[in-house]
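Model the full structure from these sequences, guided by the hints.
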Amino acid sequence: MTSMFNLFGRSKPQSNLPAPTALQQQRHKQIETLKTFNQNVCELRRDVEYRVTCSINNVTISLNIQLPPEFPKDRPIVVVSPPLRHPWVNEQMVVTGCPGINSVSQP
Numbered sequence: 025m026t027s028m029f030n031l032f033g034r035s036k037p038q039s040n041l042p043a044p045t046a047l048q049q050q051r052h053k054q055i056e057t058l059k060t061f062n063q064n065v066c067e068l069r070r071d072v073e074y075r076v077t078c079s080i081n082n083v084t085i086s087l088n089i090q091l092p093p094e095f096p097k098d099r100p101i102v103v104v105s106p107p108l109r110h111p112w113v114n115e116q117m118v119v120t121g122c123p124g125i126n127s128v129s130q131p
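Residue numbers (the working numbering): 25 to 131.
Rather than coming from a laboratory, the hints here were simulated on the basis of the structure.
Worth double-checking, as some hints may not be accurate.
[What the hints assert, rightly or not] Here are the in silico distance ranges between beta carbons for each label pair: (1) Gln63 x Val103: 28 to 38 Å; (2) Asn40 x Thr84: 38 to 48 Å; (3) Ala46 x Pro107: 32 to 42 Å; (4) Pro106 x Asn40: 18 to 28 Å.
Computed from a predicted model, the values in this text were never measured in an experiment.
All C-beta atoms, glycine included, are put in the ideal place defined by N, C-alpha and C.
What follows is the structure, encoded as structure tokens:
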């Protein structure tokens, strides 16, 4: 006799998806850490693009974070908006001087 759980699909689902790679697991862990340590994380494109906002001196600053396909092996691209002056930010408003980002991968 078929149980009600099997009839309605409540049995253990079978997946044909391959197990995540070590890089994918590490990527997921980094994204979860970003969300844990920052209150205002907005996921723009899952696993690819995020925005973190904060307020400094009554100005809302956005950090737009783009994760390359090989992240965390390759470092993320972080762009600041609106334009500001900071030793870690270049003329294109890309964060280039942050030791934590720069240590993600070494050229």
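Do the hints match the structure? See the list:
1. Gln63 x Val103: 28 to 38 Å: violated, 20 Å
2. Asn40 x Thr84: 38 to 48 Å: holds, 44 Å
3. Ala46 x Pro107: 32 to 42 Å: holds, 38 Å
4. Pro106 x Asn40: 18 to 28 Å: violated, 46 Å
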